[in-house]
Amino acid sequence: MGASRTKVAVIDPSGRLLGHAVKKSGIDFSVTAAACLDAALEMAGASREDIVRAVSTGYGRGNVAFVTEKSKTEIGCLAKGCYHYFPEAITVIDIGGQDNKIINLDAAGRRSSFKMNRKCAAGTGAFLEEMASRLDISLEEMNGLARQSQEMIKLGSYCTVFSATEVLESIRNGKRVPDIVKGLFYSVIKRVLEMDILSGQVVMTGGVVACNPYIVEMAEEMIGRPVLLPELPQLAGAVGAALYALDDKPETA
Amino acid sequence: MSEEKKVVRKKIQATDQMNKIMSDYFYGLNEAATTGSKKVAWCTSVGPAELLRAMGFAVHFPENHAAMLGATRLSNEMIPVANAIGYSPDICSYLTADIGAYLKGMTPLSKAYPGIESVPKPDVLVYNTNQCRDVQDWLAWYSEKLGVPMIGIASPKNVNEVTDSHIDDVASQIQALVPTLEAITGEKLDLERLRETVSLSRQCTELWKDVLETATASPAPITFFDSTIHMGPAVVLRGTQEAIDYYRVLLAELKERVANGVGAVEGESLRIYWEGMPVWGRLRQHSEMFAELKAAVLASTYCSSWIFPAFDPGDPFRSMAKAYLELFIVRADAYKGEYIKEMLAKFRIDGIIYHDAKTCPYNSNNRYGMPQRLERETGIPALVISGDLNDLRCVSDEQTKTNVEAFIEQLEEGK
Ligand code: SF4
Chain A
5 MGASRTKVAV
15 IDPSGRLLGH
25 AVKKSGIDFS
35 VTAAACLDAA
45 LEMAGASRED
55 IVRAVSTGYG
65 RGNVAFVTEK
75 SKTEIGCLAK
85 GCYHYFPEAI
95 TVIDIGGQDN
105 KIINLDAAGR
115 RSSFKMNRKC
125 AAGTGAFLEE
135 MASRLDISLE
145 EMNGLARQSQ
155 EMIKLGSYCT
165 VFSATEVLES
175 IRNGKRVPDI
185 VKGLFYSVIK
195 RVLEMDILSG
205 QVVMTGGVVA
215 CNPYIVEMAE
225 EMIGRPVLLP
235 ELPQLAGAVG
245 AALYALDDKP
255 ETA
Chain B
73 MSEEKKVVRK
83 KIQATDQMNK
93 IMSDYFYGLN
103 EAATTGSKKV
113 AWCTSVGPAE
123 LLRAMGFAVH
133 FPENHAAMLG
143 ATRLSNEMIP
153 VANAIGYSPD
163 ICSYLTADIG
173 AYLKGMTPLS
183 KAYPGIESVP
193 KPDVLVYNTN
203 QCRDVQDWLA
213 WYSEKLGVPM
223 IGIASPKNVN
233 EVTDSHIDDV
243 ASQIQALVPT
253 LEAITGEKLD
263 LERLRETVSL
273 SRQCTELWKD
283 VLETATASPA
293 PITFFDSTIH
303 MGPAVVLRGT
313 QEAIDYYRVL
323 LAELKERVAN
333 GVGAVEGESL
343 RIYWEGMPVW
353 GRLRQHSEMF
363 AELKAAVLAS
373 TYCSSWIFPA
383 FDPGDPFRSM
393 AKAYLELFIV
403 RADAYKGEYI
413 KEMLAKFRID
423 GIIYHDAKTC
433 PYNSNNRYGM
443 PQRLERETGI
453 PALVISGDLN
463 DLRCVSDEQT
473 KTNVEAFIEQ
483 LEEGK
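The listed protein sequences correspond, in order, to chains A and B. The first sequence begins at 5 in this note's numbering and counts up by one. The second sequence begins at 73 in this note's numbering and counts up by one.
Looking at chain A on its own, in the form it has when it is part of the complex:
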């Protein structure tokens, strides 16, 4: 249950992904969670009675008592989900709607450190949402626009409010929207790279990454090495939670 989007992953005992769903978390977390759960179960051809165990994660991890009381942090779940796909020393960069994380895992999949973004929206999906509204474009258009950029316009500030002023100034100066959007992407990646050093093979996840493949290409260029993506980057945390559920020994039979 992310602050911005709710994701559900349904796996079988071998860890295979059978069903999944993503929905806007909205204002009633329990209702969204239930709808999202049912959608994922339907895709898996299953129903709620078939759930053996479940683990919740994310901002609303305490709002899903109707399916499970067990929870893990999103940091733990992202780590677990990514290591499942890439069992080696990895650095997970997650760019979500509300926050960013960098998680370093050793070759055995143990977390050696993690960082979350600080108080502000810099470098998060929320930043892109704010800027999209300033530019009067939809979030979905951003990726395609950034790709058309010929001359990226870099932002100087890391404050969302200051950035908005810079964007307005660019608009006033007749700059092209694609160039501005690419600059916004650049800023998001920059903010994330400032958080920590990337010690392992880089894996990127999160909704912003899933919806904007161009961000991944830009990140590869900026860090000078290839970036791995799980099959469904936005689902990595949900898959990790499901894997934790799989690991859990039933307490009472």
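Keep in mind that the hints were calculated from the coordinates and are not lab data. Heads up, the beta-carbon is just placed ideally off N, CA and C, and yes, glycines get one too. Some hints here could point you the wrong way.
[Said to hold, decoys possible] In silico DSSO-like pairs for lysine-lysine, Cα to Cα no more than 30 Å straight-line:
1. B:K430 / A:K194
2. B:K487 / A:K74
3. A:K194 / B:K473
4. B:K366 / A:K74
5. A:K28 / B:K473
6. B:K366 / A:K119
7. A:K194 / A:K27
8. B:K260 / A:K119
9. B:K110 / B:K82
10. B:K473 / A:K119
11. A:K194 / A:K179
12. B:K473 / A:K74
13. A:K119 / B:K193
14. A:K119 / B:K430
[Claimed, not checked] From the derived model, a few chain A residues whose C-beta atoms are all more than 10 Å from chain B:
15. I31
16. K76
17. D103
18. S142
19. T169
Please arrange chain B with the ligand on chain A, whose structure you already have, making use of the hints.
The following block gives chain B with the ligand in isolation, referenced to the frame of chain A:
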């Protein structure tokens, strides 16, 4: 929320006695200020309180008052008032909370101690910049507002090794305060009394050290969150017999806990060090959050800062100077790093949490690469959480919770 189990925090029995001596202290101050029975000095937390006490002043500590504003969360309404008159939200939120409260004409003392109407009106304001510049700016505001003299010590800062020349400097600055203070009290300084006061302070801080070191036991009988409360007498009553008597009682109780294997955190499974200030308005929440995770936050730089081994009645001025200089906050990072490493070893720590307090750079030791350095050298994982001592506008409970829980998961997985 349904998932949250209620943690029962074991009450420290000595608390009642502490409340009594703290209450006596505040009423005593109030009496001095309202009847004029004693002159009142305001003093910064590691300012020359020994000298002031020996000269017969009733001593008020603005930082203690500000921490009360934080703990009662009254600071939320006070800080913006000071912001509005030009004291930035980026500077010490003790200062802004305290000045804001003064401007609003309110104090948490009134509620806690019926009959006390305001902070005690000072006759003199005494600072030591050994901790930060903010304390001087803070008292300067009152000096102007109330027309009260301000005197103090401009301390060396970022000292790696405390040398004789540092001590000479500060000792002579302390001595230079005496004539002004004598003019206010109308009495000469009695050197014998100063020696006694320094001796009492020494005993107090030694007992406080013993109290904190009971937490070297597993399970630890006291947490950081308890200690931030129980250090009250060490802060405001150092140099008095009452503080000493209190710590004897507290120490005995904690030793008994240790002997009986009683821990402050039920089922202690992880031992955490806290580097930085507490978030006063979240003491209880934080205490419960860690207890639920079976993590004992049991030692800290902050509470250990009121241990002054240097006090020596044989050489009061120089030993006061040395004590005020040897303070952790006065030291350079090289010293600080070694100090923290010793603490991590002494208390057998599994993980260290740095509180990056937005408005106090002096107590936020994560900003110059310390966590990374010490993690490399000790292998003990570190977490930095963003917050503040008094300004809850800088605190995100959800982020704190997620960070702490993820850190505890990491430590458990690494065990
Ligand atoms: S050390 Fe920090 S909290 Fe204490 S008075 Fe100075 S700035 Fe404020």
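- Query: Are there hints from earlier that the structure breaks, and if so, what are their numbers?
  - Reply: As far as the earlier hints go, 8, 9, 13, 16, 17 are violated by this structure, in ascending order.
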